[in-house]
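Engineer: Use the sequences and the hints to build the structure in full.
Chain residues, written in single-letter form:
Protein chains: 2
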Amino acid sequence: MEGPSSRKMSGRGPVVAAASVESCRTAPFGRRPASTVSVVYGVMPPEAYRAAKPGGDQKLGPVPFFAAGISSVLHPKNPFAPTLHFNYRYFETDAPKDAPGAPRQWWFGGGTDLTPAYVFEEDVKHFHSVQKSACDKFDPSFYPRFKKWCDDYFYIKHRGERRGLGGIFFDDLNDYDQEMLLSFATECANSVVPAYIPIIEKRKDTPFTDRHKAWQQLRRGRYVEFNLVYDRGTTFGLKTGGRIESILVSLPLTARWEV
Amino acid sequence: MEGPSSRKMSGRGPVVAAASVESCRTAPFGRRPASTVSVVYGVMPPEAYRAAKPGGDQKLGPVPFFAAGISSVLHPKNPFAPTLHFNYRYFETDAPKDAPGAPRQWWFGGGTDLTPAYVFEEDVKHFHSVQKSACDKFDPSFYPRFKKWCDDYFYIKHRGERRGLGGIFFDDLNDYDQEMLLSFATECANSVVPAYIPIIEKRKDTPFTDRHKAWQQLRRGRYVEFNLVYDRGTTFGLKTGGRIESILVSLPLTARWEV
Chain A
1 MEGPSSRKMS GRGPVVAAAS VESCRTAPFG RRPASTVSVV YGVMPPEAYR AAKPGGDQKL
61 GPVPFFAAGI SSVLHPKNPF APTLHFNYRY FETDAPKDAP GAPRQWWFGG GTDLTPAYVF
121 EEDVKHFHSV QKSACDKFDP SFYPRFKKWC DDYFYIKHRG ERRGLGGIFF DDLNDYDQEM
181 LLSFATECAN SVVPAYIPII EKRKDTPFTD RHKAWQQLRR GRYVEFNLVY DRGTTFGLKT
241 GGRIESILVS LPLTARWEV
Chain B
1 MEGPSSRKMS GRGPVVAAAS VESCRTAPFG RRPASTVSVV YGVMPPEAYR AAKPGGDQKL
61 GPVPFFAAGI SSVLHPKNPF APTLHFNYRY FETDAPKDAP GAPRQWWFGG GTDLTPAYVF
121 EEDVKHFHSV QKSACDKFDP SFYPRFKKWC DDYFYIKHRG ERRGLGGIFF DDLNDYDQEM
181 LLSFATECAN SVVPAYIPII EKRKDTPFTD RHKAWQQLRR GRYVEFNLVY DRGTTFGLKT
241 GGRIESILVS LPLTARWEV
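Protein chains in written order, with UniProt numbering: chain A, 1 to 259; chain B, 1 to 259.
Note that these hints are calculated values from the structure, not bench results. Do not rely on the hints blindly, as some may be mistaken.
Note: identical chains are not told apart, hence a pair may lie in one copy or across any two.
Keeping only pairs whose Cα atoms sit at most 25 Å apart, straight-line, the calculated SDA-like set for lysine to any residue is [stated by the list, open to error]:
1. Lys137 to Pro28
2. Lys77 to Thr209
3. Lys213 to Val249
4. Lys213 to Ile197
5. Lys157 to Pro64
6. Lys157 to Pro62
7. Lys157 to Tyr41
8. Lys157 to Thr36
Structural biologist: Next comes the structure, spelled out in C-alpha cells:
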C-alpha cells in the first residue's frame, strides 16, 4: 500500500480511475453485474470531508485525500434471489491546505450486506455464518461489533425500517495495524463469493408471479431511498463530483413506489 | 389567514393534517392522482429549520412553526404526456424556544413546473404563457424572476441537468403585503388546470412503444434523484418526521436506472 507521500495530488478536484470487471455470470441479474474498482485522489471540499468523516473538525479548509476501494451491488431479476452489496475501501487525508503540519488521517471502511425481498431463514443463516468466519480469523470482537454497526447503518430513518437483513459494516477503522486491516478487508472481500453465490444458485430459477415481482420492485424503491438520502458513499460521491455512473451504480435497474 | 397567535402549538414534534382530493380523472395516470392539502404545526428541530430556510441563523434552538400548503404531482402513463408538479405553501415561525422576543418570520413559497420525457414546443409555449398571465396580474417583475428561479431550483447538480422544462418557482416571499401574496399564490394554483389539462387531453392517447416507455422510465429515475437529493420540501419533510406517504407522494409509480 502506498503511503501518503508517494501519491500524486491534483489541485482541481478529484481524479478518478475506475474499472469495471465482470464478477459473476450475467444471466440471473437485471443488467451486467459490475464490480467497480476506484482509485481517487484530489482535494476534498470541507463539506465532502464532513460527509466522509462526520463529527470531524467543522472549520477545515480543503483537504487533500486519497481513496481506493472495490464495490459491487447485484440486483437479481428473480424476486426470491436477494440483492447483495459489498464495498471495501481505504481512505487517507493529508494536512488541510490552510493548516500545514496538521495530523494526517487514514482509515478503512466497508462491509457486505444482504437485502432479500422474500426471506429464507436458511439463506440468512448461511450468509451471516460466512461473515462471522471471516471476522473471527482476525479478532473475536469484530463480528458482533460489525454486525451491529451494519444493522445501525442501513436504517431508513424516515421509514423506521432497515434496508435489508444486514451483514457486516465498519468505518473509520484505524486502531489496528494498517497491514492487519488490509488483510482483514481482503479476507472480507474474498468471502463475498462463498457467502452469496450458493444463495443465488438456489433461488435464481424459482418460479414467480407479477405479484412477487411488484413486491420486489417496491423493496427496490426503499433501496433507492436509502442510497440517495443516507448512504455515506453516495453522499460523498455526489458532493465530490465524481463519475456519476460509478456513484449511482448501486441503484437497481427498476423500482416502484406506492406511497 | 390565521395569525401566529391563534395557532395551537405542540411540544412533541409536528402534527400533520392532510387530505387527499381527486383533482382530475384517474385514467391517464399511473395511479390515482392526488392533491395533498397539508396543515402542519409544531416545533422544528434546528436542522429542519435550516433545510426550510437555508442561510438563516445557524445557532438556533427548536423553532415553533406553522405551515399550510397544497401540492400535487401527476405522472401520466403515456410517455408523450408530461409530468406536472405544483405546490403553494405558507410558512411562519415563532421565536425560537431559547430566544423569547426574537423576530417571528413568515413567507410564501411555491411553483408549477412541467417535466416532459418528449418535448413538444407548442405544449411548452402554452404552459409557460399561462404561468406568465397569472404572474402579470400582480407584478410584471414576477414572471421573469420566478421563471429563472424555477430553472435554477430544479437543477440536478450531480447530473448537470435540469429536472424538466421549468415553469415558475419562488420561496421566502415576504416583501409584499401578506394578503396580496395569498391572492397571488391562489391565482397560481387556479392556473394549474388551464396550463396542464389541454396538454394531457392532446397527448394521453398517443400510441407508444416499449422504447418510448423505457425512456420515460429513465427520465423518472432523474425525477427521483432530484426529489430525494435536492428538493427542499422533501428534505424538510424527511427531517421533521412527517407523514411519509405525503412527503414521498411526488415519486413516480415506477422508475429505471441505466447508469
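Engineer: Each hint: holds or not?
Structural biologist: The hints, checked one at a time:
1. Lys137 to Pro28: Intra 32 Å, inter 59 Å, cutoff 25 Å: neither.
2. Lys77 to Thr209: Close inside one copy (12 Å) and across copies (22 Å); limit 25 Å.
3. Lys213 to Val249: both (21 Å within a copy, 21 Å between copies)
4. Lys213 to Ile197: Result: close within a single copy only, 21 Å intra versus 33 Å inter.
5. Lys157 to Pro64: between (32 Å within a copy, 23 Å between copies)
6. Lys157 to Pro62: between (30 Å within a copy, 20 Å between copies)
7. Lys157 to Tyr41: between (32 Å within a copy, 21 Å between copies)
8. Lys157 to Thr36: between (28 Å within a copy, 23 Å between copies)
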